[in-house]
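Engineer: Listed below are the residues making up each chain.
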Amino acid sequence: MRRVLVLALGLAVGLTACARFQPVQRDRVAVGGGLSVMGSAVWNRFPVGVLGADAAWTQDGLPLDRVLFYVAHGDGTPLFEHGRDRRSLEYRANMTATEIADLWASELALAGNGDVRTGAPQPVRFAGLPGFRFDYSYANPSGLVFDGFVVGAATAKGLYLIAFAGTRAHHFLAYRSAAEHLIGSAEIAVE
Amino acid sequence: MRCRLACLVLWAVIGAGCAQDTARLAEGLRRTDAAPRIALMPMDILLSRVSAGGFSQPVADWMASADYNLTQALRQAAVERGLVLRSVDPAPAAAPGLRQAQLLQDAVQDAILLHHFGDARDRLPSKFGSLRWSLGPTARQLRDAVSADYALFVRLRDSYSSAGRRVLAVVSMVLVGMPLSGGQQVGIATLVDLRTGQVVWARALDRSTGDLRDPGPALETARLLLKDLPQ
Amino acid sequence: MRWISLTASAMTLLLALGGCSAGLPELVPRARPDIRSDEAGLWLVAAKSEAALQQAPTAISDPGLNRYVRGIACKVAGPYCPDIRVYLVREPGLDARMLPNGALQIGSGLLLRLRDEAQLAAVIGHELGHYVERHSFDKAWRQRVGSDIRAWLGVLAQGLAGGGGDAADALMPVRDGAFSSSQEIAADSIGLRQMTAAGYAPAAVVDFWHASVAELGERQSSIALRLLARHPAPGSRLDRLRTAVAAVAEPHAVRGYVRYQAALAPFRAAFLADEVRLRLPTETLRLFERLRRQQGLDATLAFYWGEVYRLRGWKDDRQLALKFYGEASRLPNAPVALDRSIGLVRRSESDWLAARAAFRRYLAAAPDAADAAMIRAYLAEMPEA
Numbered sequence: 001m002r003r004v005l006v007l008a009l010g011l012a013v014g015l016t017a018c019a020r021f022q023p024v025q026r027d028r029v030a031v032g033g034g035l036s037v038m039g040s041a042v043w044n045r046f047p048v049g050v051l052g053a054d055a056a057w058t059q060d061g062l063p064l065d066r067v068l069f070y071v072a073h074g075d076g077t078p079l080f081e082h083g084r085d086r087r088s089l090e091y092r093a094n095m096t097a098t099e100i101a102d103l104w105a106s107e108l109a110l111a112g113n114g115d116v117r118t119g120a121p122q123p124v125r126f127a128g129l130p131g132f133r134f135d136y137s138y139a140n141p142s143g144l145v146f147d148g149f150v151v152g153a154a155t156a157k158g159l160y161l162i163a164f165a166g167t168r169a170h171h172f173l174a175y176r177s178a179a180e181h182l183i184g185s186a187e188i189a190v191e
Numbered sequence: 001m002r003c004r005l006a007c008l009v010l011w012a013v014i015g016a017g018c019a020q021d022t023a024r025l026a027e028g029l030r031r032t033d034a035a036p037r038i039a040l041m042p043m044d045i046l047l048s049r050v051s052a053g054g055f056s057q058p059v060a061d062w063m064a065s066a067d068y069n070l071t072q073a074l075r076q077a078a079v080e081r082g083l084v085l086r087s088v089d090p091a092p093a094a095a096p097g098l099r100q101a102q103l104l105q106d107a108v109q110d111a112i113l114l115h116h117f118g119d120a121r122d123r124l125p126s127k128f129g130s131l132r133w134s135l136g137p138t139a140r141q142l143r144d145a146v147s148a149d150y151a152l153f154v155r156l157r158d159s160y161s162s163a164g165r166r167v168l169a170v171v172s173m174v175l176v177g178m179p180l181s182g183g184q185q186v187g188i189a190t191l192v193d194l195r196t197g198q199v200v201w202a203r204a205l206d207r208s209t210g211d212l213r214d215p216g217p218a219l220e221t222a223r224l225l226l227k228d229l230p231q
Numbered sequence: 001m002r003w004i005s006l007t008a009s010a011m012t013l014l015l016a017l018g019g020c021s022a023g024l025p026e027l028v029p030r031a032r033p034d035i036r037s038d039e040a041g042l043w044l045v046a047a048k049s050e051a052a053l054q055q056a057p058t059a060i061s062d063p064g065l066n067r068y069v070r071g072i073a074c075k076v077a078g079p080y081c082p083d084i085r086v087y088l089v090r091e092p093g094l095d096a097r098m099l100p101n102g103a104l105q106i107g108s109g110l111l112l113r114l115r116d117e118a119q120l121a122a123v124i125g126h127e128l129g130h131y132v133e134r135h136s137f138d139k140a141w142r143q144r145v146g147s148d149i150r151a152w153l154g155v156l157a158q159g160l161a162g163g164g165g166d167a168a169d170a171l172m173p174v175r176d177g178a179f180s181s182s183q184e185i186a187a188d189s190i191g192l193r194q195m196t197a198a199g200y201a202p203a204a205v206v207d208f209w210h211a212s213v214a215e216l217g218e219r220q221s222s223i224a225l226r227l228l229a230r231h232p233a234p235g236s237r238l239d240r241l242r243t244a245v246a247a248v249a250e251p252h253a254v255r256g257y258v259r260y261q262a263a264l265a266p267f268r269a270a271f272l273a274d275e276v277r278l279r280l281p282t283e284t285l286r287l288f289e290r291l292r293r294q295q296g297l298d299a300t301l302a303f304y305w306g307e308v309y310r311l312r313g314w315k316d317d318r319q320l321a322l323k324f325y326g327e328a329s330r331l332p333n334a335p336v337a338l339d340r341s342i343g344l345v346r347r348s349e350s351d352w353l354a355a356r357a358a359f360r361r362y363l364a365a366a367p368d369a370a371d372a373a374m375i376r377a378y379l380a381e382m383p384e385a
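Residue numbers (this note's numbering), protein chains in the order written: chain F, 1 to 191; chain S, 1 to 231; chain D, 1 to 385.
Hints were generated in silico from the structure; no laboratory data involved. Heads up, the beta-carbon is just placed ideally off N, CA and C, and yes, glycines get one too. Some clues are possibly wrong.
[What the hints assert, rightly or not] Partial selection, computed: residues in chain D whose CB lies under 10 Å from chain F:
hint	residue
1	LEU160
2	ARG277
3	LEU297
4	ALA299
5	ALA357
6	ARG361
7	ALA372
8	ARG376
[Stated by the list, open to error] Using C-beta positions, here's what the derived DEER-type ranges look like:
hint	chain 1	residue 1	chain 2	residue 2	range
9	S	VAL171	F	ASP135	40 to 46 Å
10	F	LEU173	D	ASP368	24 to 30 Å
11	S	ASP144	D	ALA51	19 to 25 Å
12	F	ARG87	D	GLU349	16 to 22 Å
13	D	ARG67	F	ARG26	56 to 62 Å
[To be verified] Covered stretches of chain D, as calculated for chain F (at least 3 residues, CB under 8 Å):
hint	region
14	56-65
15	260-269
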């Protein structure tokens, strides 16, 4: 009996220790690289990034909706991790928003998506810094269409981006305000 | 490392549980209607024959009979539970305007398979174990197209060992002591409230028995699929 | 132990490639496989892919271009016209594929690379060959037999030699592969027959492969691999094609250069942008050389040529980009985005004066551009002197 109890306890511990998705607290959450946002329990954190992001959050599952965080991205590093040596995919510290939006479109197309479109970048403030914002859309390899937007700023510590995407049929409209809330609450700590 | 070991144990326990149970009940459907109109959406069924080397070949006439058998069987199994399933003409359900709704429904089923029925490590903490997925406004489009309050979506993959694979399995067991996997029946059924878009019920199937090619076993599959469907 | 696996591989190869060749009869026009056949299963799965293709977000829906390509396909297919359904898809790179059920997918990257109607006819004829000769079915059959033999030999070898570690490898199915060289050669000959019968100049097929081999070059990029995975050994086939073409007389053969380029003109800029977006500068520059040889340099091609250099940004690339932008500006119909690109290059060189001038020209030409506010922000950020 005691052995069963120990096993059950072990399983419970194992469950929490090995869960791939972590809950998000309703509190300020450190994403990494000095970036923090106000969390909410509607989100789930995927610790290993998707598409080379430093963190990925989702509500219904990464194939349906996601917020990707890129923090302190340095000069000369590729935006997404492709595991290949492609200088033409590297982020450069002197890039403009126009060039970052182009890079974003390239990365999406190379990830196997079709009908990739990016909107014109607009100047906005992000985490209190002069930044930019652009919309984007694409169809995943099975043809499901996604809408999204990217907000970011280039700082002395590197590039910071928060990118939201959700299915055009439902998730984009359903979760965009939650994503806007994350972006609106973003702070970048200056050391 | 310890984490990996614990996970392995956990996975084995849960995996074994899955194989026995084959499916788990999601959440109850509160039935408010006297006679809810439930549309059985055109099913996504693939039947294949696995060759000795594990090469999987789709078989057209099996698929044709499986589609017929399972449709009949699901309707009967529903009647046994006091519900009426209405088949839907595939043409309007496959209209160009509904393509994204269909793709969304596929993706939501995938998400439910992964995050609700799949590996315990893939659970989403924000769901607290409950079935909270939605097709959003596309449900209303579907409702207009099929004139129903609920839609039942069924996706099944059924494979059968060829004669060659069965012989090889025996030889492999005798000579190498290694078993060969045989046919599989995996699938998912989801019931969507077309007024709200909410997925109100779901059931997954993953087992190495079942046969959709004959009406009898198809009825067994249908009963198993709809076992927990609220009455 | 080793000799067993060697023998096994050798036997598998022999059986799969040689003695067991199916030698399928050609499909007759309007043929449908018997529902009890293995081929019917392939067709059913293909029909599902086709349904997805019909409503794909990447589908090119322009009725004019679809009508034009379908017209040529019908002419080339002759009696098979009702069996072939053409789908145009926005997809960079050089690719066309025939599904077993007669659904023919043609990528925009291929349309961009073709010089004339005769080349399009050659590609369609070749793909028709895969359909008529049932190559998908033949390939699936070979793969199944190959995997069966491998599995049997694997289990027997493991059982007789003791140990079972590698048995799992032997039992894994082989991965989906390409058409064989002999299938490609068969498709080539049917393609040649059909395009000639439709009145097109067979020499076009040699031009097409010659230009394609030159473009793909030595370097095995992902794009080149994708094409070669489906169309192996273009080099050796080229010689065979040359001989075959030389034997065909062409009294009134048509190339249809002007007609083809006119049909493609409205889409060329978008298709070029798709290629640039992949950021394979070496490959894209070779593609652009090919297009310049075929059609000459216009403002659109010159602009995207400059874009390739700008996005690569190696040592002299900025100067090369500016050179091509300069050429584009001297040619008629230069795109508005030209001055924005010049501004971006100048800005990255810290040539603030020139950058400023270029951005201002862009804003003057397109004051309501969607990115006007952003460009103004760049102007505001730049140092004064």
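Engineer: Each hint needs a verdict: does it hold in this structure or not?
Structural biologist: Here is what the structure says about each hint:
1. LEU160: Not OK, violated: D:LEU160 not within 10 Å of chain F, min 40 Å.
2. ARG277: holds (5 Å)
3. LEU297: The hint is violated - D:LEU297 has no Cβ within 10 Å of chain F, the shortest such distance being about 23 Å.
4. ALA299: Cβ of D:ALA299 sits 20 Å from chain F, so the hint is violated.
5. ALA357: Since chain F brings no Cβ nearer than about 17 Å to D:ALA357, farther than 10 Å, the hint is violated.
6. ARG361: violated (16 Å)
7. ALA372: holds (8 Å)
8. ARG376: holds (8 Å)
9. S:VAL171 - F:ASP135: 40 to 46 Å: Distance hint for S:VAL171, F:ASP135 is violated at roughly 60 Å.
10. F:LEU173 - D:ASP368: 24 to 30 Å: holds (28 Å)
11. S:ASP144 - D:ALA51: 19 to 25 Å: holds (21 Å)
12. F:ARG87 - D:GLU349: 16 to 22 Å: holds (18 Å)
13. D:ARG67 - F:ARG26: 56 to 62 Å: holds (58 Å)
14. 56-65: Contact hint for the region 56-65 of chain D vs chain F: holds, 3 residues under 8 Å.
15. 260-269: Violated: only 0 residues of the region 260-269 of chain D have a Cβ under 8 Å from chain F.
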